[in-house]
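Listed below, chain by chain, are the residues.
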Amino acid sequence: MSTLPSRARCVVIGAGIVGNSLVHHLARLGWTDIVQIDKGPLPNPGGSTGHASNFIFPVDHSKEMTELTLDSMRQYKELGVFTESGGIEVARTPERMQELARRITSAKAWGVDDVEMITPERVKELVPFIDESVILGGFYTPSVGVVDSLRAGTLMREAATALGALTVLSNVEVVGIDTADGHVTRVRTTGGDIETETVVIACGVWSPQLAAMAGAAIPLTPAVHQMIDIGPVPLFADAAGDIEYPIVRDMDTFMYERQHGSGLEIGSYAHRAILYDPQDLPSVEEAPLSPTEFPFTPEDFDTQLEHALELMPDIVGDESVGQRYAINGILSLTADGMPVLGETPEIGGLWSVAAVWIKEGPGIGRAVAEMMVLGESEIDIHASDVARFYAYQRDREHVKARTGEGFIKTYGIIHPAEQWSSVRDIRRSPYFDQEKALQAEFYETVGWERPWWYGANADLLEEYGDRVMTRTAEWESRWWSPIINAEHLAMRDRAGLVDLTAFALFDLEGPGALDAVQSIALRQMDVAVGRVVYTPVLSPSGGFKSDLTIMRLGPDRFRVVTGGAHGMTDLKWFTDHSPKDGSVTITDRTSEYTTLGLWGPRARDILGSLTSADLSNEAFGFGTFQNLQVGALEATASRISYVGELGWEIYLPIAQGAQLWESVWEAGQPHGLVPVGIGVYGTTGRLEKSYRAFGTELETHYNVVEAGMSTARVKAQDFVGKEAHLRHREEVPAAVLCSLTVDDHTSASGEKRYMMGREPILTRRGGPITDARGRRSYVTSAGSAPSLGKHILMSYLPPEQAVLGTELLVEYLGEQYPVTVAGVGATALFDPTNERSMS
Amino acid sequence: MEVLVCIKRVPLSGGRFVLTDDSTEIDTKRLGFTVSPHEETAVEVAVRLIEAHGGSSTVLTLGVPESEEQMREAMAIGIDRGILLETDGAEWDGQATAAAIADAVRADGTAFDLILFGNESADAAGSQVGVRVAHLLGRPVLTGLKGLSVADGRLRGERPIAGGREVFEVPLPAVASVKDGVAIPRYPSVPGRIRAKKKPIERSTPARPPSRLEKVSFTLPAETGKRATVLGNGPEAADAVVDVFRKIGAI
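First to last, the sequence lines map onto chains A and B. The opening position of the first sequence corresponds to residue 141 in the numbering used here, with each subsequent residue numbered one higher. The opening position of the second sequence corresponds to residue 13 in the numbering used here, with each subsequent residue numbered one higher.
Hints may contain errors.
Said to hold, decoys possible - Straight-line distance between alpha carbons at most 20 Å, and here's what the computed EDC-like set of lysine to aspartate or glutamate pairs gives:
#, chain 1, residue 1, chain 2, residue 2
1, B, 211, A, 459
2, B, 211, A, 446
3, B, 210, A, 459
4, B, 41, A, 439
5, A, 248, A, 200
6, B, 210, A, 439
Treat the hints as calculated values from the structure; they're not laboratory data. This one's a predicted model, so the numbers in the text were calculated from it and none came from an experiment.
With the rest of the complex left out, here is chain B (with noise of 0.2 Å):
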């Protein structure tokens, strides 16, 4: 079968956000750059579809030319080859990106048998570019996945909800996205890093549309301060912390 995964590079912190001098973005000249965990999760997904079924693999993104770390990232564990539809790094909304997809798909010629994402991004957070994605192109879709399977030419999707779960089968091919926890991403291997770095690249620069979706200023929320408690020295402390556990439910 043949399997497209989409991923998005994104600012990686830890730690306490800053914003440029306007507001308008994250300075990120001190972060380094991930993809959120969702979309680790659909090219993990990826990745074993391909490894139970055979077939080949694509990693899709629209980004700034730096995106190539990310979809190496993504080679490193199994995807086969990349495509990087670039931009100059402005913030293309979720109808923008998805027409850009859509119309790289077209243009590719593959025929993907299954368009995975993860559920969100992990900065926009839009939701929207899977459903968008599978509506232009005419293919059924399920979204929030938290449990995936490929049998029989059609894709079953699992979601939970309270006090139960959703169970959807729809044919392929298909558009899904994925929230973590659907299969734990392996590490990159050396050598799956070093084949990484041989896999091809299709580039191509889509025009951006004018946005209808307007990003106007972030605002850092207000601090709450970080606060530790000392419950105890030694082994006093043990009884306090057994209380903590038992709080969150670890125990």
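Here chain A stands alone, though its shape is the one from the complex (with noise of 0.2 Å):
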């Protein structure tokens, strides 16, 4: 047994599949003294690690986590643990055999090729304990496989001991977490103290707690998934391993079954959703099997028994087969069903790796590995930031209610557009009554009510017609409406309000703000008090890291303004980027301010009617901001526009929204002004003008030359990223983004279909596109142009596809549609010159 040091590097909190990934990676990138305590024995200390299924289905809709479990599956077969099983998912419905459709489109964006969808026949010669009578298809992919998740854990675990990077020590239980100045210090534990100024809380469903003993938030909850197993099975008599038949998923029963040894498992996600607090779990010594094996509550499982027995009589309608074990075994779960990654906004040096599955376990341990050695993941985690939440978020009951609500989603079909309902009506924009009596359709966007589209607007169809662009499939219209295009093309006409509320803003104050913001931006920003500059912020690889603006607002402040989903990360950036003397001093306004967004070709005369300022072009010009008198409101209009239209976002404080949205409403009748949702502003809008949106085109993994956002020349001044940026301007690029349009929509059925976005874009011939860093191409955004009546893709694709006139296919739910390449960079297919926004 090891003794506890009283100093170390780095405390990893927990020996699970994450702790050990985790060390593994610290120490393979060369950090030392790092300390590893769990308060339970080894090589199972009782946390979920212990009873899981093990394993490993990897494609998933999600890029991010593809990849994790991608990369997962690889050390899992460098460490001599992964067996390959092959893994089925079945479908007993219509709707589900789609839904496997687009498991195979996802799989070949993020280049899993090995992939099929097979008969019922094909189903039963691969497992032939199924009814094949009670399924249409299933989608196969054979590189699934099964892990001996303990046994990678404990060869991690000894890796990084024989580096001599590594003291671990079980039966160890952390007491408290100190810390100074916002800074961890200390871990008090019940072997003793250990000093310390990085902490990794990697203790599954126990983090919440570990992370509260320092001050900071884990919002995750302990939730049960039941597992039973039957057996001895008289057809697995014979079997040499723990499993020779691929895994079975049932999809529409949300159940999987799988051979292990002389048994087989059956799990459940069927069940109500059973939420504990990690407090009620017990002690490693109170707990009758582990902490996280929970008594098996059978009554929630009636309903699964007889779904496994229809799918596989002979086996669990064996009356000689007995349930040998059943749990209730307890995981985590989050609110948005991604992990917990990174450093907490709150206590510096406090790590947070949870609610982590075993499937991506080593990815993510690698990834949180290389963020705190190198600054910056290979893969882009940025879906999992810790930092992403809002403090409404952190909240126990916020995660409770969308757990509950999603639970039942864990094998469900999930359309991208879909919302919750739970947890709604959190944060009102200033107009939401005028809103909702214009009979807006409400989305959410962390908090915030968005109108997506307004009822109200359903007479501009029959103005529009057929531009419209009408869709008769039930999966494109689901969560969608063709008075998006109207009001697109109503904007274009004449002008749209739009609101933006939910924009994230903060202040950087003080002497050294200038500084700071041109150490994070790419663009210059020594710009002149009134300019407002769309920038790029990198990675220290070059990779976008965001995308925002920033108005200069005096000699020493800056208003940064971003998208909501993903201000806190952004203010996190800025924050760990901005110097710790007192000189700059960082306020968070997003609740203080409100951004109504006015544009289209009659803007102008319609805010020129409220105020008695110079809004001409050469008064009030592109990229700049004025503070303007609107009737009794001060507010602060900023001439940019991510629709390619003349107009201005406004910003004014909230309480004196609704006052602004009834002025400008009342001024522009006169011009047919009408509201405009979210679905013109991120979608039609944007795409018809090829502009980019952080998390689909713009991400860690793709440069600013990729891009098309380079400019001609670079400023003088260091920003996080230069260096790369200098090198990648210097390179030809191995991608570049282009826009593409859709040339027939007609499906086999005869159907006009319409893709949704992350589709694989293929050569004519139907292969995969992968450019010389190994990226597969794919639909990054996708969505209607009304004004051009065409579909836009968008897509990064190698230098010697990304030429105009290139004809490619896109495949979408199984079947393959021809495409053309109709914009190369950053030129937009619609007003290329940007007459309309500039002038």
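Each chain sits in its own coordinate frame; assemble them with the hints.
This is the structure we're talking about:
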């Protein structure tokens, strides 16, 4: 038994798959003096790793999760603990068959090519104990496999120990994490105290309790996943290994069945959401089995037994096969289904690596270790960033409500635009009442209720007729309305009013503010007061960390305006990269200011009728802002546009928002002003203009040159990612972001189908397209371009394909459609010279 | 033949017990429930007797409404129906329990040839109820059985004594309490579980007589603490392991 050192470079709490992966990668990357502690015994300290079913299906609709899973599979294979068994997701309904076709789409988009749709008969060949008459088909992934996650953990700990980098202590419990000036200083344990500046919480379901010791939040909830094992199965009597048959996921019943030695393991995500608080978990000593194996509640599994019997009657219906083991296994769930990774925004040096499953554990261990050691991970994990949460999202009730609603969707068919019904109406914009009166269809973005389109605009459908590009297929019509396209056309013809209250705003003030923004933003920030600059924010390797606008309010005052969804991550990035000597004060203004967008050819007439200020292009040019008196209100109008029209983002205190709306609304009536939803702002308006969005086109995997966003010169001042950016400018880009139009939407059934984004782009012969850096070409964003009468797809393409007129294919729901490269780089398909927004 | 088997729902713990704040109950917030291994054996015996001789089996319990879970477990391996004497969770002493069971047997009207018990419950372990039920019903009783069979209207029971075994025979109808080992309880099959959900349970709420035996409080024994001795690593440890096996009589 090791003794507890009094000092450590880093203390990793937890020895499940996550903590073990992390110490391995920290050591591999050169860190030493790492101490890993767990309150339980080794090799199975009693967390969720110990009772995991340990199988891995690589394909997920999320690119981030798929990449992490593929990396994990590679690592498990290197460790020699991976057994390839194959896996089949079976469908009992036509809706699921379409979903499986969509899984194939995602597989190909993320580079998992060895997948296929198979017939019930073929499923039967692979899994002879299935009753193929209850299924319509299956999605077969031969590379699915099972891992020994406990063995993997032991090997990884041993590797780190062999490097002389790691001291492991089991049966030692953390009782406190001390901080000073917002930074961790010490971990207090039952075995003594350890001074340290870096603490990693890799404690699975216990993580919220550990984080709370330091005053931080890791919003997750322990939840039950039920699992039983029946056996001995006569058919498996001679099974030589743990698994010899493909794992079956019975998707429509939210269950899985897998051979496990002589038994059949039946797991379920079909039961009611059974959520606990971390303090409900028993101690290692009190637990009958382990602290995360709760007593089975058979009444929650009744229906599942019947479903398992339907699918595998030869085994499940065998009277000689008994239920030998049954647990309510406890695992971690989050409100949005993604892990919680990275340094906490509350406490410096306190890292979270939580809500991670076996399938992505080693990949996440590597990614977070890279973040800690190198400042950036090879795999972009921004959607899992612990900094993403707003205060209300850290609240326990929020987590419980969303996981309670989301649990049943674990194997569900989730539409990309699907909305939550719980935890709604958390944040209201000041225009909420007016929007409701206009029959707004509200979608939620980080708690804000945002109009996606307005029912009151239904009369525009008649005005624009066929130009609204009506859809007939249910999937693409779900969470969509042709009114979006009508609003778009009315905005381009007249003017539109857009609620942008969800923007995150924060100010940097003080003598160090200019240097701070200069060091973060790619573009020149030493501009005249009154200028607004749209700028990429780069990661150290020159990928996209964010894109946002910065207004120079004064010599020492800057205001950052960024998307709501990513706002808190941006705030942390700016905070982390600003001096701590008091020369810069950062203040979050998100809840103080509202933003109202007014755009369209009549925007100047409308705003002009409300103010005496000179709004002419000469007096109020693009890329500038001015404080305006609008009636009784003082507002800041900023002449920029994400929809490619003349107009302004207007900022003012939230309390005055309703009155501003009224004034603009009234003034706009003679000009045909319409309310316009985010359906236009986020999709149709920007796609016609080839404007990029963070998280789709822009992520750390792509650089500024590839995104077509480099300017003629690079500023002299230093900034994060500059060295890499200068290098990228010298290289031939491996891919170029392009706009493509769909040539023919007609599917085999004759119905017109419209891609939604994240589909693979293929050569005209149907082959995948991979660039020189090994990245697949896929649709980053897709949507209507009503002004062009086209459906637009954006995709990064290798230089040889990134040529105007190149004919390619897009695969969508199992069929291929012809597409043509219509725009290369940032050149927009609509108003390519930007006359509308600039004049 | 008709067989009745009586069981008692008890907390399932593999670890350290936690008591409620007033130390009068085991804190079951984090625990599951089960029946004693002796009662699991009694249920298995009942099922085997019916398989061998025909007839039907009934499971009876006196306990909270949630005791249905343990009755369904018994039904999942073959018991046909249930009698649930519902209580509010208060502890009933052996005398009161036996009286309620005897009343229920009389009220039920089935001519039970054999009433089976586990030798003692897993919690109170009074070893009282079987004997008292037999007395109340005026039937012969065999207790602590490690072997049991029925033939020609007689019950034959065996139990080990120092240096040998005792064998008894009594005429049916009779009462017997068994210890684990008489028969290895089977695991329930999935079809068995599905069938169990549909089997009938008759519920009634007997009045609880004044208790003559009162539970005052629990005290947990002082912990000895878990100790592990590392015998060695790899092949070098083999001799030490063999020594341990010899010592505990495993080889």
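Evaluated hints:
Under the criterion of a C-alpha separation no larger than 20 Å, the hint pairing residue 211 (chain B) with residue 459 (chain A) is consistent with the structure, at around 17 Å. With a CA separation close to 16 Å, the supplied pair residue 211 (chain B) and residue 446 (chain A) stays within the 20 Å bound. The suggested pairing of residue 210 (chain B) with residue 459 (chain A) holds, with an alpha-carbon distance near 17 Å, which does not exceed 20 Å. For the given pair, residue 41 (chain B) sits about 18 Å from residue 439 (chain A) by alpha-carbon distance, which is consistent with the 20 Å threshold.
Proposed proximity of residue 248 (chain A) and residue 200 (chain A) is supported: the alpha carbons are some 11 Å apart, at most 20 Å. At roughly 13 Å between alpha-carbon atoms, residue 210 (chain B) and residue 439 (chain A) fall within 20 Å of each other, so this suggested pair holds.
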